[in-house]
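**Q** Sequence:
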Amino acid sequence: MRKKLALAITGIATAFALTACGSSDPSADANATLDPANPVTIKVGASPVPQAEILNYIDENLAKDAGIDLDVVEIDDYVTPNTSLQDGTLDANYFQTEAYLKTETEEKGYTFAHGAGIHVEPMTVFSKTFKDPKDVTEGTTVLLNNDPVNQIRGMRVLEQAGLLKNIADDDDILTVEGDKEKNPLGLKLKDANAEQVVQYYKSDKSIGVAVINGNFIVQAKLNKDEILAQESGENNPNANFLTWRDGEETAAIKKLEELLHSDEVRAYIKKTWTDGSVIPAF
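Numbering (mature numbering (1 follows the signal peptide of the UniProt record, and there is no 0)), first residue to last: -20 to -1, 1 to 262.
In case anyone wonders, no lab produced these hints; they're calculated from the structure.
Remember, predicted model here, so these are calculated numbers, not experimental data.
Glycine included, C-beta positions come from ideal geometry on N, C-alpha and C.
Cut-off 30 Å, straight-line C-alpha distance, at most; resulting in silico cross-link-like pairs (BS3-like, lysine-lysine):
1. LYS114 - LYS145
2. LYS114 - LYS168
3. LYS185 - LYS168
4. LYS168 - LYS182
5. LYS82 - LYS234
6. LYS182 - LYS162
7. LYS234 - LYS88
8. LYS88 - LYS235
9. LYS170 - LYS185
10. LYS170 - LYS111
11. LYS108 - LYS170
12. LYS185 - LYS145
13. LYS250 - LYS235
14. LYS170 - LYS182
15. LYS108 - LYS201
16. LYS185 - LYS201
17. LYS170 - LYS204
18. LYS204 - LYS162
19. LYS111 - LYS204
20. LYS170 - LYS82
21. LYS182 - LYS201
22. LYS201 - LYS251
23. LYS204 - LYS108
24. LYS182 - LYS145
25. LYS168 - LYS111
26. LYS114 - LYS201
27. LYS204 - LYS168
28. LYS162 - LYS145
29. LYS204 - LYS250
30. LYS160 - LYS182
31. LYS168 - LYS145
32. LYS44 - LYS235
33. LYS108 - LYS250
34. LYS185 - LYS108
35. LYS201 - LYS168
36. LYS170 - LYS145
37. LYS160 - LYS170
FRET-style restraints, in silico, Cβ to Cβ:
38. GLY119 - ASP49: 47 to 57 Å
39. PRO164 - ASP49: 48 to 58 Å
40. ASP112 - LYS160: 15 to 25 Å
Construct all of the structure, not just a fragment, from the sequences and the given hints.
**A** Set out below in structure tokens:
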């Protein structure tokens, strides 16, 4: 099943939480036997692309025989999936990386557990103005993600492309922009919410370069000819994974975690994203 979740999900009445099937008997015991004749529903919040697409593939092709039914809730931002998991509206979510979850946990006190990496969405540098990183001129405006984890990740891709230098783990655009050693071209570094970076890149002609998260690249169907540089997928620590409340890894969630790392899902990812914008992490 597929649903579209508004950004105001945190204001939804608690009745939604009461309908989450993670509390049903078959899923309450992590070692329970799942019955395909009586599947357990799991409500999973996910970014629309590729996470929700991967989950819907499982729901349509693998879940029934495994004794689970997925209620896939598409969420367009990076905040709601965790707040909704915390308040019980969701049974699990699939959208984030280890570094992002660590930062969110430190700031908000979440008590979550997570599975192994499922896929990587390489961070990519785009430009409509320049064809090669060497062509980027002094003072060009560069737009990055505003969340700290992905901002550092984005600046490292710019470093990989030769546009920035010596980026440290505790850097941000404010420290880097005015540092001539780190920013020899005097690039104007701006940031925005992840979902807005693509919008501004497509509509604002003052943006010379944009560093965009992989899932938004796929969703927006950006022109591959505009790619200046792309994060390597090899040994990439930024794999996305399934997350659930600590201590609530039910039989149904364990089964979903297993299916997410199946040969069928690996083949589906490779077949669907032949351009390398999404790659398996297992």
